[in-house]
Amino acid sequence: MTDLMLQVKDLTMHYKTSKGEVSAVNNVSFVVEKGQSLGLVGESGCGKTSIAFSLLRLLPDNAEIKGGDIILDGANITDMDKKQLLKVRWKGISMVFQAAMNALNPIFTVGEQIVEAIQVHNPEINVAEAKNNVTDLFTLVGLDPKLMDRYPHEFSGGMRQRAVIAMALACHPKLIIADEPTTALDVIVQDRILSQLKEIQDRLDMSMIYISHDIAVIAEVSDRIGVMYAGRMAELAKANEIFKRPIHPYTYALMSAFPSIKGPKKSLTTLPGEPPDLLNPPSGCRFHPRCPRATVQCRQETPPFIEHSPGHFAACWHPMEVENE
Amino acid sequence: MSEITSLVKVEHLVKKFPVSAGLFKTSKSFIHAVDDISFEIDSGSSLGLVGESGCGKTTTGKLLTRLYDPTSGLIEINDPRAGRVDLASLKGQALKDFRGRVQIIFQDPYESLNPRRTIFDTVSEPLVVQGLGNITQREEQVATLLETVGLTPASSFLFRYPHELSGGQRQRVAIARALVVNPSFVVADEPTSMLDVSIRIGVMQLMMELANEMDVSYLYITHDLAVARYMCQRIAVMYIGKIIEKAATEELLSHPLHPYTRALISAVPVPDPEFQRQAIPIKGGVSAPIDPPDQCRFYSRCPLADSFCRNNPHPPLEDKGGGHFVACYKV
Chain A
1 MTDLMLQVKD LTMHYKTSKG EVSAVNNVSF VVEKGQSLGL VGESGCGKTS IAFSLLRLLP
61 DNAEIKGGDI ILDGANITDM DKKQLLKVRW KGISMVFQAA MNALNPIFTV GEQIVEAIQV
121 HNPEINVAEA KNNVTDLFTL VGLDPKLMDR YPHEFSGGMR QRAVIAMALA CHPKLIIADE
181 PTTALDVIVQ DRILSQLKEI QDRLDMSMIY ISHDIAVIAE VSDRIGVMYA GRMAELAKAN
241 EIFKRPIHPY TYALMSAFPS IKGPKKSLTT LPGEPPDLLN PPSGCRFHPR CPRATVQCRQ
301 ETPPFIEHSP GHFAACWHPM EVENE
Chain B
1 MSEITSLVKV EHLVKKFPVS AGLFKTSKSF IHAVDDISFE IDSGSSLGLV GESGCGKTTT
61 GKLLTRLYDP TSGLIEINDP RAGRVDLASL KGQALKDFRG RVQIIFQDPY ESLNPRRTIF
121 DTVSEPLVVQ GLGNITQREE QVATLLETVG LTPASSFLFR YPHELSGGQR QRVAIARALV
181 VNPSFVVADE PTSMLDVSIR IGVMQLMMEL ANEMDVSYLY ITHDLAVARY MCQRIAVMYI
241 GKIIEKAATE ELLSHPLHPY TRALISAVPV PDPEFQRQAI PIKGGVSAPI DPPDQCRFYS
301 RCPLADSFCR NNPHPPLEDK GGGHFVACYK V
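Protein chains in written order, with our numbering: chain A, 1 to 325; chain B, 1 to 331.
Calculated from the structure, these hints are not laboratory results. Keep in mind that this is a model prediction, so the values were computed, not measured. Be careful, since some hints might not be right.
Said to hold, decoys possible - Derived pair list, reagent style PhoX-like, types lysine-lysine, alpha-carbon separation capped at 25 Å:
1) B/LYS16 / B/LYS28
2) A/LYS91 / A/LYS174
3) B/LYS320 / A/LYS262
4) A/LYS146 / B/LYS283
5) A/LYS198 / B/LYS283
6) B/LYS96 / B/LYS25
7) A/LYS87 / A/LYS174
8) A/LYS16 / A/LYS91
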């Protein structure tokens, strides 16, 4: 099993709130192979970002990992102490955050911030060396190295996002989590940043986890795709497979609800209802109140997350038939 | 022909914002947010206004609802009930009457609803302002409309507050508020961009149904070409204050002519992992619209640009056949 970069087994995570416990991530399992990318897609509140924060153990105080294992390259992150975690963060896993504006400190130059990140995690590197590294990183993400002495407010949205990516790469991580890396950007900039990320991933042979609500973005960059719903993994398969033969009704609904500018204009279908309140999730399958195929069994029993065909996992009592090619 | 059918007619519309030069100084520079644009919206048809952030889409929307006063240009609304009016000249009672016929739906349903007012207060306010009906009639009308926008049963929503509703429900309230006075024209500024995918299509379909039933036309402002494809009969593409291309929706998407439109369309990700997009590279980023030089706005990024483009003013929007308008010397 040496080709696995990350293995997440039955991860369960709750938030304690004044109203009760929110079951944000419930029994989620997936793997990321070395050099491969996994896309996690789902609507707001489905647990995508909670998973990302669990992987880095960057959870807020009211969150608690209730169970499960997170194994990064053979080491279990779930039972590490603070000191060990420090070594995993940045060097093992690093993260590209959604709001690039907030991820950079406005009172330091972009270069200084990356130099700091490098030195904190590699005390043996001196400033001059670290600056050299920043020059390489800037070139890698398509920024002019001369810009490293500028402040974040002097950067445009796309440049800031590139700077954040450069920072995430600073300590040569094995795995990068990109949480909605292009959501706030215009399409042309988004397109460039996505292709740059893909290129960097190939060149450095890294593993990636992309998190997005946008299945079109996920389709572009992921080798495998996991569809999440209400804190659970609904379906997980190779990108082609999941687009051609979705077997979970939610995946199917998500795809038929997504407008595209290419191909014939197909009619879009709506999904009735709204995502559930995770303070009080529905019994059985969490999708059953909105599912056209739901039966009594779906209301009562939680469907297991099982392999329906090689490499194609889904949690559904009544999976959709494999339809015409 | 267009004289009879066009509901909204915009000619040479300009909006410039002064750039602050400091206290007690007269500002010398201007942001050309909307710079000489013209378009028409036919009755019963919707126009999609598409472009990147900062291209002037929202300013155009606000000009059309008179939330901003235009610097110059003509905005004519031809309402069957009130006849042709020039928006810029409206004052007092006439302006108030106009607000009963043109409405706006904002992007963020979390910010556009007053948290201290119930849904009934919010939706009935336009009726109160316009002095339409008495309280019983208003309540009846609001209840019917809430059912129409899918908030059923209306009685359970009337006296709730925005914080008790989800994003999709709030946007439905915002739609109800816009439609309660039976407007003939609604500016919809990214009404679905804050909503989740499974909710978004429901709201889009609702807006289309209502457009048919209540005979409303939209100016649909969006950055998302795929959404515009489903909502609009025609699309106009904006770039730094200018409309650079406009055509019927499918025509624009299948035969884009302007190099910017082509790049924009080629950059939209497609939800199909096997689809190979042809990337059309353009240089640099969007420049600031502060006192732009008198040449094609797209000149600095255009792969086709030459000395002719540099030495001539911004190209006029010309019909290249079949109502497909493009502003480019090289097409």
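Against the structure, the hints:
1. B/LYS16 / B/LYS28: holds, 12 Å
2. A/LYS91 / A/LYS174: It holds: about 7 Å lies between the C-alpha atoms, which stays within 25 Å.
3. B/LYS320 / A/LYS262: Holds, because 23 Å separates the two Cα atoms, which is no more than 25 Å.
4. A/LYS146 / B/LYS283: holds, 19 Å
5. A/LYS198 / B/LYS283: holds, 20 Å
6. B/LYS96 / B/LYS25: violated, 35 Å
7. A/LYS87 / A/LYS174: The hint holds at about 12 Å.
8. A/LYS16 / A/LYS91: violated, 30 Å
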